[in-house]
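K.L.:
Given chain A's structure and the hints, the job is docking chain B onto it.
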Amino acid sequence: MKGVLSRIPPAQAVVIFFLLAMVVAAVTLGLPVPGLLGDSLVRVAMNGVLVLSLVPMLRAGVGMNYGLPLCVLPGLLGMVLALELRMTGLVGLAVAVIFSVALAVPVGLGYAWLLRRVRSNEEVVGTFAGFSAVYLAAILWGTAPFTNPQMLWPIGGKGLRPQTNLTEWFGHVLDSLGSFTVLGVRVPTGTLLVVLFVAVCLLVYQRTLKGRAAVIAAENERFARVSGTDVERLKSVAVVASTVIAAVGIVLYAHTYGFLQLYDAPLMMAFPAAAAILVGGYMRGTRASASHALLGALLFNAILVFSTPIANELLISELSDITRVLVTNGVILYAMVRGSRREQPERADS
Amino acid sequence: MAVPALRVEALTKRFGATLALDSVDITFERGEVHALVGENGSGKSTLAAILAGSPAIAETGGYEGVIELDGAPVQFCSPSEALAAGVGLVHQELSLIEGMTVAENVTLGREAVRARHPLAPLDRAAMRAITAEVLSRFNASFGPDDRVGDLPMGARQIVEAARQFARTELKVLILDEPSAALSTQEAASLVSVARAAAAAGAAVVFVSHRLDEVIEASDRITVLREGRVVGRLLAEDADPRGLAALMVGRDEDPPIRAERGACDQACLEITDLHVDMPGDPLCGLDVMVRRGEIVGLTGLAGMGRLALVAGLTGLFPARGEVDVDGRMIVPGDAGSALSAGLVLVHEERRGVGLALGESVALNVCWPSAYTAGRFTRWPRLPGRGVLSDRAMIEASEPYLERFDVRCASARQPVGELSGGNQQKVAFSRALMQGPRALIVAEPTRGIDISAKERLLTSLVEVASEGVAVLVVSGEIAELVRVCDRIITLKDGVIADEFSPPFDIIAIEVALASHRRSA
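So the protein sequences, as listed, match chains A and B.
Counting in numbering that gives the first Met the number 0, the first sequence runs from 0 upward without gaps.
Counting in numbering that gives the first Met the number 0, the second sequence runs from 0 upward without gaps.
FYI, nobody ran anything at the bench for these hints, they're computed from the structure.
Since we're looking at a predicted model, the values are computed, not measured.
Beta carbons: idealized from backbone N, C-alpha and C, even for Gly.
Some hints here could point you the wrong way.
Which bits of chain A does chain B cover? Going by a derived footprint, with three or more residues having C-beta under 8 Å, they are [claimed, not checked]:
| hint | region |
| --- | --- |
| 1 | 202-208 |
| 2 | 212-222 |
| 3 | 225-232 |
Next up, chain A with everything else stripped away, as it sits in the complex (with noise of 0.2 Å):
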């Protein structure tokens, strides 16, 4: 137990401890615990997969894909098209998820194509090609001819609406399958299954002979080149495998919350997830892994569901979105800040 506790790093040490910390205070504020511990299993599988979407790219050395918001037009484009052909439960899930992945091979290989020019500026060019990318879609969707009059706006029923409820069509139906609940905690299996066979395929990539490649090129691109990597290509697959997971991970976002948002809803959509991996203990300058994915989404996200109602039970009520903001961002400029400093040049060698 001593050897589990002093292999943890400290910053995931404090986070653990704050976290446990706002239990307590959950516990003696009153707060129904078990629904919060329920909320935190809900929201680890909406957000699981998009976390695990940062993956690839980070390990071949693209960086952060701050261009999140791109990478899930294909999932928001494949779930439209799938209600549009009123597809309907597991079967309209996957339906959507076929879509998504068919469209975001080739948007994977021209946001691949882009990065590659603009090597070492992957995460800014990143940000604003995610930027663009939301609003020009947005007028795919204020103008592309879409039928089913529950996407449509009311009065003139042309337009998607900004927030299409999939209740009816498709949403939860994976979280109630195989569902259970235990001491009060309620836990979404089926999502959960698939963020997990989603991370082991990752954890298996990683060990095959392209995955370490990847890593490699990473880590000394030259010494990549004279062994007979190919390392445009490795990106390359990269960047398309990161789009392809993000592009699914919406879907299951969106299946999860219930609602498929559109227009401007996917803008900020990689800071959170960002912020989950590096609370997970990823730091620029080393390896990031399906497990830093998956420990930052579950500390990242159990500590938004508890300190949103404790925030609002100690301090203002309203606190909450503050409370949200502050903590996905200061994440991120903390965990920036030693990355940068691990990244130290090394000493001159004689």
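P.N.:
Relative to chain A, chain B alone:
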């Protein structure tokens, strides 16, 4: 008796287990050009780095001994401290900002301003005038307003030197191989400017390989060998052959060349190879190495020695014909070289030769794993199968034993090993690929004597197995021990070829006479 400008006493510097300087005493007088000569690794650049306050010295444990500037003891921890005290260094590696003009580079950090307050505008006319004055001393063909990025390499080296020569307040000016990339005329200008600086009262320390230039430029010469002073003489009493003999020493290590039968079958053929490496280009190299033969390729800095491996591995643009046993290789395509059986060991092992964060086993096995799909399980999985750490460890262990690599286990990150052990890992990696031809660059750089012997012996063993070996190195004393032929480079092409028994002093003298054409 006048106090000397700079005096070092009992100066000792270690890099880990390597003794770079061993109790060195030298006095540099005002008004003199004092040359430091020695082979690679003799300690002259280390001495220059200590005198100029290079941060790398403090980061590697500092030094022992005393340095006195104008009779007062000093210890510089940074180049800015040294400069403030009046000691400037012209380094052979350029530190120019290519997007700026010559005037902006020459006056960088001490720009002329029109008033004495922090927001004062730059006085560009004064900056141009300062630069034009110093450039006129060099008879430079370019002006203060030219962009440094547009200048050829020799001119950039002049700009680098002009930066320090523009500082009239300097008491000691150290020139560390400043003429390596210069043509004859440019080097002659540099020498005359250095002499003028000395005549104006500075002590000029001139570090160089070029013995004829040293004799012409300096008043006094100190010869270093293996970190010790082995000779002090006046330039007027020196001749290149005598200096080379002092640099090399009398005790040559015995050859470890194996007695091999005649091998006439060509294995590695390089024809008309051009590599556009800035400052060190190859301009049409033709080399043939037979099966089982070891050929040494050497040359001074700037003559193209470093470009061969850099070009073949794609780090710089290359064109020409390279074939191994009749299989053509695309220069710059590392994959085609590996599949033809040409394996390269890069000189820059930390930057290019090894993945420092990865295990010893992975470093040994990686190219074989990636290009040939070895050490994997379930190869039909996406990603060409799962890499087996156990298989890599088992495969690498015989090599680690053969080269006596000192590591906790094959799982240890290679970045934690010493330089010598890292080089052995890089060499193990090369052999793991079963090469037909092997090109090794600077195989013994920065490693201790026992590791050096092990590696040199291994080169001979590898050649005995029928591999064509091309060793690219500046260490003549090592080349003569292992090579069947030694080729020297000048201007990126072959200048001379030597055969056993080698006359090491003749090779040094031949190298020292090489000078880039204008």
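K.L.:
With a Cβ-Cβ cutoff of 8 Å, does the region 225-232 of chain A contain at least three residues near chain B?
P.N.:
With 5 residues in contact (Cβ-Cβ under 8 Å with chain B), the coverage given for the region 225-232 of chain A holds.
K.L.:
Tell me whether the statement that chain B covers the region 202-208 of chain A is true, taking a Cβ distance below 8 Å and needing three residues at minimum.
P.N.:
holds (count 5)
K.L.:
Three residues minimum, CB to CB under 8 Å: does the region 212-222 of chain A make the cut for coverage by chain B? Let me know.
P.N.:
holds (count 6)
Every hint, counting from the list given before, is met by this structure.
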